[in-house]
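2 protein chains.
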Amino acid sequence: MLNFNFYNPTNILFGKGQMSELDNLVPKDAKVLITYGGGSVIKNGVLANVKTELAKSSREVFEFGGIEPNPKFPTLMKAVEVARAEKVDFLLAVGGGSVMDGTKFIAIATVADDFVGREEKLMTYGFAPVPVSSAIPIGTVVTLPATGSEMNCGGVVTYGEDKLPVFSPYTYPKFSILDPELTYTLPAIQVANGVVDSFVHTVEQYITYPVKAGFQDRTSEGILQTLVEVGKQTVDDPTDYDARANLVWCSTMALNGLIGAGVPQDWSIHMIGHEMTALFGVDHAQTLAVLTPAMWRIRRKQKKEKLLQYAERVWNINAGSEDERIDAAIHKTEEFFHSLGIKTRLSDHAIDATGIERIIRGLEKHGMVALSERGDITLDVSRKVLQEAL
Amino acid sequence: MLNFNFYNPTNILFGKGQMSELDNLVPKDAKVLITYGGGSVIKNGVLANVKTELAKSSREVFEFGGIEPNPKFPTLMKAVEVARAEKVDFLLAVGGGSVMDGTKFIAIATVADDFVGREEKLMTYGFAPVPVSSAIPIGTVVTLPATGSEMNCGGVVTYGEDKLPVFSPYTYPKFSILDPELTYTLPAIQVANGVVDSFVHTVEQYITYPVKAGFQDRTSEGILQTLVEVGKQTVDDPTDYDARANLVWCSTMALNGLIGAGVPQDWSIHMIGHEMTALFGVDHAQTLAVLTPAMWRIRRKQKKEKLLQYAERVWNINAGSEDERIDAAIHKTEEFFHSLGIKTRLSDHAIDATGIERIIRGLEKHGMVALSERGDITLDVSRKVLQEAL
Numbered sequence: 202m203l204n205f206n207f208y209n210p211t212n213i214l215f216g217k218g219q220m221s222e223l224d225n226l227v228p229k230d231a232k233v234l235i236t237y238g239g240g241s242v243i244k245n246g247v248l249a250n251v252k253t254e255l256a257k258s259s260r261e262v263f264e265f266g267g268i269e270p271n272p273k274f275p276t277l278m279k280a281v282e283v284a285r286a287e288k289v290d291f292l293l294a295v296g297g298g299s300v301m302d303g304t305k306f307i308a309i310a311t312v313a314d315d316f317v318g319r320e321e322k323l324m325t326y327g328f329a330p331v332p333v334s335s336a337i338p339i340g341t342v343v344t345l346p347a348t349g350s351e352m353n354c355g356g357v358v359t360y361g362e363d364k365l366p367v368f369s370p371y372t373y374p375k376f377s378i379l380d381p382e383l384t385y386t387l388p389a390i391q392v393a394n395g396v397v398d399s400f401v402h403t404v405e406q407y408i409t410y411p412v413k414a415g416f417q418d419r420t421s422e423g424i425l426q427t428l429v430e431v432g433k434q435t436v437d438d439p440t441d442y443d444a445r446a447n448l449v450w451c452s453t454m455a456l457n458g459l460i461g462a463g464v465p466q467d468w469s470i471h472m473i474g475h476e477m478t479a480l481f482g483v484d485h486a487q488t489l490a491v492l493t494p495a496m497w498r499i500r501r502k503q504k505k506e507k508l509l510q511y512a513e514r515v516w517n518i519n520a521g522s523e524d525e526r527i528d529a530a531i532h533k534t535e536e537f538f539h540s541l542g543i544k545t546r547l548s549d550h551a552i553d554a555t556g557i558e559r560i561i562r563g564l565e566k567h568g569m570v571a572l573s574e575r576g577d578i579t580l581d582v583s584r585k586v587l588q589e590a591l
Numbered sequence: 202m203l204n205f206n207f208y209n210p211t212n213i214l215f216g217k218g219q220m221s222e223l224d225n226l227v228p229k230d231a232k233v234l235i236t237y238g239g240g241s242v243i244k245n246g247v248l249a250n251v252k253t254e255l256a257k258s259s260r261e262v263f264e265f266g267g268i269e270p271n272p273k274f275p276t277l278m279k280a281v282e283v284a285r286a287e288k289v290d291f292l293l294a295v296g297g298g299s300v301m302d303g304t305k306f307i308a309i310a311t312v313a314d315d316f317v318g319r320e321e322k323l324m325t326y327g328f329a330p331v332p333v334s335s336a337i338p339i340g341t342v343v344t345l346p347a348t349g350s351e352m353n354c355g356g357v358v359t360y361g362e363d364k365l366p367v368f369s370p371y372t373y374p375k376f377s378i379l380d381p382e383l384t385y386t387l388p389a390i391q392v393a394n395g396v397v398d399s400f401v402h403t404v405e406q407y408i409t410y411p412v413k414a415g416f417q418d419r420t421s422e423g424i425l426q427t428l429v430e431v432g433k434q435t436v437d438d439p440t441d442y443d444a445r446a447n448l449v450w451c452s453t454m455a456l457n458g459l460i461g462a463g464v465p466q467d468w469s470i471h472m473i474g475h476e477m478t479a480l481f482g483v484d485h486a487q488t489l490a491v492l493t494p495a496m497w498r499i500r501r502k503q504k505k506e507k508l509l510q511y512a513e514r515v516w517n518i519n520a521g522s523e524d525e526r527i528d529a530a531i532h533k534t535e536e537f538f539h540s541l542g543i544k545t546r547l548s549d550h551a552i553d554a555t556g557i558e559r560i561i562r563g564l565e566k567h568g569m570v571a572l573s574e575r576g577d578i579t580l581d582v583s584r585k586v587l588q589e590a591l
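Same order as they appear, the protein sequences are chains A and B.
The numbering of the first sequence is our numbering, which starts it at 202 and goes up by one.
The numbering of the second sequence is our numbering, which starts it at 202 and goes up by one.
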């Protein structure tokens, strides 16, 4: 097991009706800016419920809607202007990963004096923490299970054609309300995306090389098995509470630092996927579904031990040669994504050989020339992965 | 899945050499009281290392040693006197569960104005939180993996013949240093006790009834499987780093709130075991090893679904009738405890029918008359469990 630091102070309130805790969770005299996305929280009544709860104490409440998927820097800077003008001292993100990620940027940018006028510097290539010393406290009400943003301190912001990480130890949400029922009205494709996103978050921290980390491996396998059990069910039957609850909690646990503590991490699938989203607008999760099987086929040698462990423990594949077992596990993974209605080829997204070269140039521009848990995925290897996925 | 609240703000620093972080973790100008037990931390040099690290900044450092296993109220009150007299503002527990538990009591009792002169009121029958509003911040350096106290807010204090819980949301350690190498010098029996303690912490939150909580069930199973894998190995070969690291991390994860969030919890084995320790001085873990198989035999009907799941997923027992599979799983559990050198009968501890009646009177005195995840373990059922364990 590798050395690690694990710290996660977010207070999780999980289950039916937890919205009723909101008045106890947000400071009674706060100036609150509610942030949200394209308006689904207006249609399904969640925003109105949030406002009713906040109105139970003498808070000043402002709103900022319109945070788009893959939240854009100029949009978020408009929210920063509101937060600065109104001297907001609490941010309440109501939505999914994009709203929460964007709100983390707002939380930092609003109070980061050193960065006034050059807020784009708060975004960083690679995963170096941004050098900030404070942020406005954040709470979240989650309406889309996928990114785990509700229980971590990171986010991804789109800056021009770049998808860039933003994070700081100051942007752990103070609390997150996770009521699976708030997610019932999501379109099926967003639920399917959430299943894939959670699945691939897990494998990025698990399909690497073994370091004898029993708890981490088995917890990762437990998340994957649970997602396989409930994935199709919660897409097909959105009001099955237990299936949805399992998706929501697995989604959070997949990216809150727990399963990645003390083990190698990959994240090359995400890095290549970010370029696909930035250049071609492919949904984040759908880039992951395309790249994961291809990555494993190309990297089967480097990831052999963990792919065999994955085959055995997640898919109960014990028969055949090592190569056969690995192939069977990859095939099972593809079948699982397909069962959710998610495609697994670049051609499904009209990306061809020319598109691959654009993705490669994007990776080069962002310094993504030595990816993976071993730092050995050069641009040439990334190209092979993309060609495998054509 | 049941509704739940999960909050755990302890900062974990895990691995070799993490002691070097101590100077960054304890406030530079703190008045620190180091608390420890019977002196093993003097012999193995851990206390000296702690003091060297603390001396790197201008702290005032005091010491209080002699906290015994099953820490006693009068002992802890002596530490409270020191902390009050020296106006200590940080407590650093260096040791195992008893030192950490006792330090939580000291942290509350030192500053709990309402309780001055009646500090015993801070201990509580059952699990109602004590009504306190502050505590001295605590850090821990863990030398014995077992209780999980390093990442939760609870403890158990012995008051006369009573073992009583103490806890408050203010007593989560600010940080815990978990360096598996610091545990190498433990006697084998204490390591074995730690394996059993972690195992039974897990089953108290798992062998109940199913509520479709996929993550929680599979994470519990992962802890149990990992303990089975490494248990005997880490008792027999104390300097095998990875085996010990897996024990240490499983021990923490078994009782930090994670696996119990959103599922029913039992704890009747612990409640009966506490009486055995208070009355007969049996090591805590050894009471659990005696009571767990007996509890499952008596409660096989109420726990049927989870016992069958445990048989299948932890022990790979798939053949035979339901009763046969349950019996096989209980037998495997006993064999596992025996492999660690831990006995599983009351008679191994010279407790007979008369002793059982004393335990029953203890349970009655402490109001433990409706135990278990269903609240249906009366004194008569507890008696049956104890008789089964004779």
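Derived from the structure by calculation, the hints contain no laboratory data.
Hints are supplied without guarantee of correctness; some may be wrong.
Chain copies aren't distinguished; within one or between two, either way the pair holds.
As the list claims (entries may be wrong) - Taking lysine-lysine and the BS3-like style, the derived pairs with C-alpha atoms no more than 25 Å apart in a straight line are: (1) 433 x 413; (2) 273 x 533; (3) 413 x 217; (4) 375 x 585; (5) 279 x 544; (6) 232 x 433; (7) 244 x 505; (8) 413 x 505; (9) 502 x 288; (10) 413 x 257; (11) 413 x 244.
Hint check results:
1. 433 x 413: between (32 Å within a copy, 16 Å between copies)
2. 273 x 533: neither (36 Å within a copy, 57 Å between copies)
3. 413 x 217: between (38 Å within a copy, 15 Å between copies)
4. 375 x 585: This pair counts as neither: shortest intra-copy Cα distance 42 Å, inter-copy 47 Å.
5. 279 x 544: So residue 279 and residue 544 fail the 25 Å test inside a copy (35 Å) and across (67 Å) alike.
6. 232 x 433: Neither way: residue 232 and residue 433 sit 41 Å apart in one copy and 57 Å across, limit 25 Å.
7. 244 x 505: So residue 244 and residue 505 fail the 25 Å test inside a copy (48 Å) and across (45 Å) alike.
8. 413 x 505: within (15 Å within a copy, 33 Å between copies)
9. 502 x 288: neither (55 Å within a copy, 60 Å between copies)
10. 413 x 257: neither (51 Å within a copy, 35 Å between copies)
11. 413 x 244: neither (48 Å within a copy, 30 Å between copies)
The structure shown violates the earlier hints numbered 2, 4, 5, 6, 7, 9, 10 and 11.
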